[in-house]
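In order, the protein sequences belong to chains A and B. Every number in this note's numbering is 45 more than the matching position in the first sequence, counting from 1. Every number in this note's numbering is 45 more than the matching position in the second sequence, counting from 1.
Quick caveat, the hints were computed from the structure, so don't treat them as lab data. Incorrect hints may appear among the rest.
If several chains are the same, the list does not tell them apart, and a pair holds so long as it fits within one copy or across any two.
[Claimed, not checked] Here are the computed lysine-lysine pairs in the DSS-like style, where the Cα-Cα straight-line distance is at most 27 Å:
no.: 1; residue 1: K159; residue 2: K88
no.: 2; residue 1: K371; residue 2: K282
no.: 3; residue 1: K371; residue 2: K458
no.: 4; residue 1: K127; residue 2: K138
Here is how the chains run, residue by residue.
2 protein chains.
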Amino acid sequence: MIQSELFFKDDDLHVDDINELYDAIVQEYERGDVGYYLLPESKEFEKIRAFCDGYNFEKKGIRNVAILGIGGSSLGTKAIEKLLSHIENRNDKKLLFFENVDPVEIAQNLEGLKLEETFFIMISKSGSTIETSSHLKYLLEHFKLTLQSEQFREHFCLITDEGSPLDKFGEEFGLYRFYLPQNVGGRFSVLSAVGLLPLHILGVDIEKLLLGAKMLKDSFFEKKEDNLCKKALYYAKNQQNMPINVLFSYTSQFKYFNDWYVQLWAESLGKINRDGIRVGLTPVGLIGSVDQHSFLQLIIEGANDKSVTMIKVKDMGIDLIIPDIKLPHLEKTNFINTHSFTALINAQCDATMQSVQEQGVAVDLIELDSLDEVSVGYMIFYYELLTSLTGHLLNVNTYDQPGVELGKVILKKKFEN
Amino acid sequence: MIQSELFFKDDDLHVDDINELYDAIVQEYERGDVGYYLLPESKEFEKIRAFCDGYNFEKKGIRNVAILGIGGSSLGTKAIEKLLSHIENRNDKKLLFFENVDPVEIAQNLEGLKLEETFFIMISKSGSTIETSSHLKYLLEHFKLTLQSEQFREHFCLITDEGSPLDKFGEEFGLYRFYLPQNVGGRFSVLSAVGLLPLHILGVDIEKLLLGAKMLKDSFFEKKEDNLCKKALYYAKNQQNMPINVLFSYTSQFKYFNDWYVQLWAESLGKINRDGIRVGLTPVGLIGSVDQHSFLQLIIEGANDKSVTMIKVKDMGIDLIIPDIKLPHLEKTNFINTHSFTALINAQCDATMQSVQEQGVAVDLIELDSLDEVSVGYMIFYYELLTSLTGHLLNVNTYDQPGVELGKVILKKKFEN
Chain A
46 MIQSELFFKD
56 DDLHVDDINE
66 LYDAIVQEYE
76 RGDVGYYLLP
86 ESKEFEKIRA
96 FCDGYNFEKK
106 GIRNVAILGI
116 GGSSLGTKAI
126 EKLLSHIENR
136 NDKKLLFFEN
146 VDPVEIAQNL
156 EGLKLEETFF
166 IMISKSGSTI
176 ETSSHLKYLL
186 EHFKLTLQSE
196 QFREHFCLIT
206 DEGSPLDKFG
216 EEFGLYRFYL
226 PQNVGGRFSV
236 LSAVGLLPLH
246 ILGVDIEKLL
256 LGAKMLKDSF
266 FEKKEDNLCK
276 KALYYAKNQQ
286 NMPINVLFSY
296 TSQFKYFNDW
306 YVQLWAESLG
316 KINRDGIRVG
326 LTPVGLIGSV
336 DQHSFLQLII
346 EGANDKSVTM
356 IKVKDMGIDL
366 IIPDIKLPHL
376 EKTNFINTHS
386 FTALINAQCD
396 ATMQSVQEQG
406 VAVDLIELDS
416 LDEVSVGYMI
426 FYYELLTSLT
436 GHLLNVNTYD
446 QPGVELGKVI
456 LKKKFEN
Chain B
46 MIQSELFFKD
56 DDLHVDDINE
66 LYDAIVQEYE
76 RGDVGYYLLP
86 ESKEFEKIRA
96 FCDGYNFEKK
106 GIRNVAILGI
116 GGSSLGTKAI
126 EKLLSHIENR
136 NDKKLLFFEN
146 VDPVEIAQNL
156 EGLKLEETFF
166 IMISKSGSTI
176 ETSSHLKYLL
186 EHFKLTLQSE
196 QFREHFCLIT
206 DEGSPLDKFG
216 EEFGLYRFYL
226 PQNVGGRFSV
236 LSAVGLLPLH
246 ILGVDIEKLL
256 LGAKMLKDSF
266 FEKKEDNLCK
276 KALYYAKNQQ
286 NMPINVLFSY
296 TSQFKYFNDW
306 YVQLWAESLG
316 KINRDGIRVG
326 LTPVGLIGSV
336 DQHSFLQLII
346 EGANDKSVTM
356 IKVKDMGIDL
366 IIPDIKLPHL
376 EKTNFINTHS
386 FTALINAQCD
396 ATMQSVQEQG
406 VAVDLIELDS
416 LDEVSVGYMI
426 FYYELLTSLT
436 GHLLNVNTYD
446 QPGVELGKVI
456 LKKKFEN
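Please construct the entire structure, taking both the sequences and the accompanying hints into account.
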C-alpha cells in the first residue's frame with residue numbers, strides 16, 4: 046500500500062540504536078501521557094456518527110461546514126480534505142475556515158454565506174484562543190444571533206477540553222460539545238473529533254482513516270518500521286549540518302498536508318532541550334512539479350544542508366491522457382503525447398529525485414499506491430510517529446510549545462494599558 | 046507610504062560597503078543585460094490597454110481568466126491578485142491557473158469551465174515548457190478546438206520570447222502575442238505583460254503598479270535606500286550562521302506574495318558561485334497570526350539560524366470591529382472587545398516581533414500604510430532589488446537557474462527509451 050525507501054546510508058548506524066529507539070517510544074506509549082497514540086482505536090467516530098445521524102445535515106439544507114479554529118484546530122482538517130477532494134463519497138458541501146483575524150479574509154468568507162446553510166464548529170482547548178473567540182463574537186453580531194437562541198444551538202457546536210471555560214459556556218447555552226481526548230495537543234489532534242467531525246460531515250469515511258493510522262501503529266509497535274527509526278536517527282544525528290527537512294510532494298493534493306507537516310515538525314522539535322540547548326529542524330513543504338520551477342535550484346546548487354523526502358502517488362484516482370496533438374514549431378514536446386498526466390508527474394518526481402541524489406543530497410521516497418482514506422490515515426500517523434521519534438532523539442518535550450506564550454502576554458498588555 | 050526599520054545592528058558595517066554596493070548595482074543596471082530594472086518605465090501597458098479595449102471582455106461575456114504557465118509565469122500574478130483582491134476596481138472575473146500537471150487539479154479546474162466565458166493566456170519563453178504545452182494540448186482536445194479555428198484565436202493569446210518556437214506557432218495560427226522583454230527571466234517578469242495583461246483584465250490599475258515600482262527604483266538609484274543595502278550586506282555576511290530568511294507577513298493577502306518571494310530568493314541565490322562554492326539562502330514564507338500557531342515556536346526556541354522580516358499593513362482597506370459581547374466563562378477574552386480586527390492583527394505583529402527580538406533574532410519591519418497598486422508595485426521591486434543586491438554579494442549569477450536543467454534531460458530520456 047505504502048512503500049518507503051531510503052537512499053541515504055549511515056554506516057555508523059547499529060541495530061542497537063534502532064532497538065533503543067523502539068523501546069523509548071514503547072515506554073512513552075505505555076506511560077500513557079501522550080494521548081495521540083490511542084486515537085486510532087478510539088470509538089469517538091461512533092459518537093460523531095450518532096450526532097450526525099440525529100442532526101440530519103441533508104434535510105436541514107446545510108451546504109457549508111465552517112471551522113472556527115487556528116493552528117492545530119484547522120490545519121489537519123484542511124490537509125485531509127484536500128488530499129481526499131477527489132473521492133467519490135466526498136459530497137458537495139463546502140469547507141471554510143475562520144482562522145486568521147484578517148478583516149479582508151473574514152469579509153470574503155462571509156460574502157453570501159447564509160446562517161441557515163452553514164454548520165459552525167468552534168474548536169479551542171480552553172476557549173480563550175483570541176482569534177477563535179473573536180470570530181465567534183463577530184459571527185454572533187453578523188448573524189444577529191443571541192446566545193439564548195435556538196438558532197445558535199442549531200448552527201454551532203464546540204470541540205474543547207472537558208471542563209474548560211468553553212465547555213461551561215457551551216453547557217450554559219445548550220450547545221452540543223465534543224471533547225478533546227486527554228493529553229492530545231492541537232497539532233496531534235486531527236484523528237480526534239477535531240478532524241473526524243468535519244470530515245465525516247463532508248463524506249469522508251473516518252473509520253478507514255483510523256484504520257490506516259492503526260495499520261502503521263500496529264506495524265510500528267511490532268517493531269517492523271525500521272525505516273522510520275533510521276530516518277529519525279539520521280535527522281537527529283545530522284541536525285547541525287543538515288538542519289532543513291524538505292517534503293517534496295508530487296501532487297497538488299498534498300498542499301495543506303505540507304502545511305500540517307510544517308506545524309507538526311517546527312512546533313514539536315524547535316525547543317530548548319533538556320540539556321538547555323536550542324535545537325530544532327526547519328521544515329519546508331514543496332509541491333511537484335510546480336516547485337521544480339522555484340525552490341529546486343537551491344536544493345541542487347545551494348549549500349548541502351537539506352534532506353529531501355519525495356512523496357509520489359501511483360494512482361491519483363483520476364487520470365487524463367495528453368492527446369497526440371503535434372503542435373507546429375513545438376515538436377520538441379511531442380515525446381509526452383499519448384502518455385498520461387500521472388505518468389508525466391511521476392516521471393518528473395523520479396527525474397528530480399535522481400538529479401538531487403547526484404548532488405549528494407540525502408533523499409528518501411514514500412510511494413503511495415493510491416490516495417484514499419486508508420493511505421491518508423497512514424500518512425498522518427507516519428509523520429506523527431516520525432516527530433515523536435525525532436523529538437525523543439533531540440531530547441525535547443515534543444508535545445508542548447512554551448515559546449509562544451510570551452507573545453500572548455505581551456499582546457494582552459497592549460490592550461490593557 | 047512604506048517605512049522600513051532594521052532592528053539588528055552591524056557594528057562592522059562601513060559607509061564604504063554601502064556605497065560599493067550601490068555602485069555595483071548601478072553598473073549592472075547600466076550594462077543593460079538585466080532587463081527587469083527597465084520594467085517600471087516600460088510602455089507595454091499601453092499595448093495591453095489597446096488590446097483589451099479592442100477585445101472588449103465585457104461584451105464577449107468573459108468571466109474567467111486562465112493562465113497556462115508555471116513558476117515565474119504564474120506566481121507573480123497570483124501574488125498581486127491576492128494582495129489586491131479587496132480593491133474597489135477589482136471586477137468579478139475569476140482567475141485560475143493551469144499550472145501543475147496534476148490530473149486531479151486539472152479535472153477540478155475544468156469543472157463547469159466554459160470556453161465561451163474564458164480567456165486563456167499561455168505563457169512560456171520558448172513554448173517547450175512541458176507542463177504548459179501539455180495543458181494546451183489537453184485544452185484543445187477538451188474543448189474540441191482545432192488550431193485553425195476562429196474560436197482558438199478568440200480565446201487564446203500568448204506571451205513568449207520574440208522569435209521563439211511559440212511565437213512562430215502563434216504566428217502560423219494567427220494568435221495575438223505579447224513579448225517578454227529581453228533579459229527578463231521568469232521570476233523577475235511580473236511587471237511585464239506576464240503579470241500586467243491578466244491583472245489589467247481583472248481591473249487592477251497597472252499603471253499605478255508600475256508607478257510604485259518606479260518610486261522605489263528612483264529612490265534606490267538616488268542612493269536613498271541604505272536600509273536595503275544594509276539588509277543585503279547583513280544577509281550575505283551571515284550566510285553561514287543565519288542561512289534561513291523568514292518573511293512573516295501579517296495579513297492573509299500576502300499568502301502568494303510569500304510564494305513568489307520563495308521562488309525569487311531560492312532560485313536566484315541558490316547557486317554554485319563564481320568561486321565554485323555552493324551558496325544560497327533558504328526562504329520561508331509565513332502568515333501572521335496563523336503561523337504564530339505553527340512555525341513561531343521554532344523561531345523562538347530553536348537554533349538561532351534565521352532572520353525575520355515582519356510585514357505589517359496599517360490600513361487593509363476593509364476593517365471590522367470585534368463587538369462588545371461578553372461571553373460567560375470566557376471573560377478572559379473581553380480585553381479585545383470594541384477593538385478592530387486590524388488593531389488585533391497588528392498588535393499581534395508587534396507582540397510577536399518583540400518576543401522574537403528578545404531571543405536575539407535579527408528582525409526588521411516593513412510597514413505599509415495601505416495595500417493598493419502603488420504599495421504592491423513598490424513591494425515587488427523592493428524584493429527584486431534586495432535579491433539583486435544579495436546575489437551580487439554572494440558572487441552568483443542572480444538571473445540564471447542552471448541546476449534545474451539536468452532534471453529536464455533525465456525526464457525526456459525516460460519517455461524516449
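Structure-based check of each hint:
{"no.": "1", "hint": "K159 to K88", "verdict": "neither (33 Å within a copy, 46 Å between copies)"}
{"no.": "2", "hint": "K371 to K282", "verdict": "neither (51 Å within a copy, 51 Å between copies)"}
{"no.": "3", "hint": "K371 to K458", "verdict": "between (66 Å within a copy, 19 Å between copies)"}
{"no.": "4", "hint": "K127 to K138", "verdict": "both (13 Å within a copy, 24 Å between copies)"}
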